[in-house]
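Novice: So you can see what is in the structure, the chains are spelled out below.
There are 4 protein chains.
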Amino acid sequence: MAHKEFTYTRPIAYYETDAMGVVHHSNFIRMFEDARVAWLRERGVAQTHAPYSDVVYAVVDATCQYLKPLRFGDFAKVRMQAQGEGAKVRFRYAIYKNDSELSCTGTTLHVAIDKNFRITKPPTELVSVLKEEHWTEIWP
Amino acid sequence: MAHKEFTYTRPIAYYETDAMGVVHHSNFIRMFEDARVAWLRERGVAQTHAPYSDVVYAVVDATCQYLKPLRFGDFAKVRMQAQGEGAKVRFRYAIYKNDSELSCTGTTLHVAIDKNFRITKPPTELVSVLKEEHWTEIWP
Amino acid sequence: MAHKEFTYTRPIAYYETDAMGVVHHSNFIRMFEDARVAWLRERGVAQTHAPYSDVVYAVVDATCQYLKPLRFGDFAKVRMQAQGEGAKVRFRYAIYKNDSELSCTGTTLHVAIDKNFRITKPPTELVSVLKEEHWTEIWP
Amino acid sequence: MAHKEFTYTRPIAYYETDAMGVVHHSNFIRMFEDARVAWLRERGVAQTHAPYSDVVYAVVDATCQYLKPLRFGDFAKVRMQAQGEGAKVRFRYAIYKNDSELSCTGTTLHVAIDKNFRITKPPTELVSVLKEEHWTEIWP
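Residue numbers (this note's numbering), protein chains in the order written: chain A, 583 to 722; chain B, 583 to 722; chain C, 583 to 722; chain D, 583 to 722.
If you are wondering where the hints come from, they were derived from the structure by calculation, not from laboratory data.
Honestly, I wouldn't trust all of these hints.
One copy or any two copies: either way a pair holds, since identical chains are not told apart in the list.
Unchecked claim - Only pairs whose alpha carbons sit at most 20 Å apart, straight line, appear in this in silico SDA-like list of lysine to any residue:
| # | residue 1 | residue 2 |
| --- | --- | --- |
| 1 | Lys659 | Arg592 |
| 2 | Lys659 | Thr706 |
| 3 | Lys670 | Asn680 |
| 4 | Lys670 | Val619 |
| 5 | Lys650 | Phe699 |
| 6 | Lys650 | Val709 |
| 7 | Lys659 | Val619 |
| 8 | Lys659 | Tyr596 |
| 9 | Lys650 | Asp696 |
| 10 | Lys713 | Arg672 |
| 11 | Lys670 | His716 |
| 12 | Lys650 | Leu691 |
| 13 | Lys650 | Ile695 |
| 14 | Lys670 | Phe657 |
| 15 | Lys697 | Tyr634 |
| 16 | Lys679 | Arg623 |
| 17 | Lys659 | Ala620 |
| 18 | Lys679 | Phe699 |
| 19 | Lys670 | Ala595 |
| 20 | Lys679 | Val711 |
| 21 | Lys697 | Met602 |
| 22 | Lys650 | Asp636 |
| 23 | Lys650 | Lys697 |
| 24 | Lys697 | Ser635 |
| 25 | Lys650 | Arg700 |
| 26 | Lys697 | Met662 |
| 27 | Lys697 | Ala640 |
It should be emphasised that the depicted structure is a prediction, and the values quoted were computed from it without experimental measurement.
Between the sequences and the hints, there should be enough to build the whole structure, so can you do that?
Specialist: Here it is in structure tokens:
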């Protein structure tokens, strides 16, 4: 039984743009995080995010493919899916410009670490949540 | 006996610009901090900066007057002076565009706080350093 | 006849925090901007914001007083008021932590400039809007 | 005839850290850019960077593998190599913590675009530079 599709929408901030007039490419990685945090909040496990838990999921890998620039005045709609991969979890993202045009896709891979940044067992609340999540076949 | 004039120079990063083609106004506050950190390092008291000390100087007030925009390709030269004000310390800054034109001026006021964000006695190493510092009459 | 009180609320992003575990002081300046942009949008004059207009209001002065830290997990509620000062406009801000405790206050002063960053006459749509705005006596 | 190894070193800024006490993962993408810009400057072709040229190389893909956290007080040493791939150019990066421990690796892929964000022929100065560049077999 799949969770409902998750989307997160927010306006582009002016300080996210650069001298080409578009959102700087580093800020898409930040929008991925905004979506992950909103997803954790919706799933009721926001307390597992750093720095509120002794065990957190750290980012060990990130990728981003840029297709269409976003500008100030646009809204970014982030679709996101999660998938457990053993002790790891992989998220994938698709950001749309104003709900219609695909602006970028990307992924992040996370591993559970403790306060000393050593790999450890993931937080049980999140493991439970991840059992209900999976990537769909068709994406984006 | 006054300390020698302190200056800190660094290139403008592309990600610091915005869609007007100039450095976003929030980033001048960050350049002030870059200069403060370089100043602490030069004075040999970088270990008093958060998060490395139990007692640190937190920012309680910041001001910035914007005179001339900075662009990607420019170098920012930050002049800075410090002055003890009782248990507080006030820094003032003047940022120049490529060593010549005044781009902005500003100030920050800091108070010593402990790990619980309570006001406390300032770090003794910094107090010693501040005894040698003062604002010049002519500025900028 | 006064416009209704304007407030803008958004969650703190994780990337806005620093190694002290609190929102970095430069990011309050960015929250001021987020509130200004939301205010322009509500007033129906978002098109006067850079880079969409030939004449825009540039920031020439900013101040910020920090009272209480914000953390990841908090929501920032920004109250904001605008006031015309001749050809200039001054905004003032009060940011609350989770709707209750005052976290910071601040101001920004803006002047109208053209595409060449020369001072010019302000956009007429905004002048009309500003005629209806004023600072209240009691603040914050 | 290979160009000499390129490295770029700068201190970690305090505002680049997050509430875990380490550099936020999005900022490694920004350090990649800092290194690219320094590389362009050293090669004498900084004027081909946006927004100074009608034809620029836009980022279309970025990857980052995070191995070891960086903290305030650390210096990031970025090693970088460039390689032409037809009309595209791919950079790869290895960031070291204080010159010794590998902190992260990554890549960016760039295509030439014109002022209207349409794919176009790359700037000739950069094409000349890229003829002298190549990835080494051993990396990092």
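Novice: Which of the listed hints are broken here?
Specialist: Numbers 2, 3, 6, 14, 19, 20, 26 - these are the hints that the structure violates, sorted from lowest upward.
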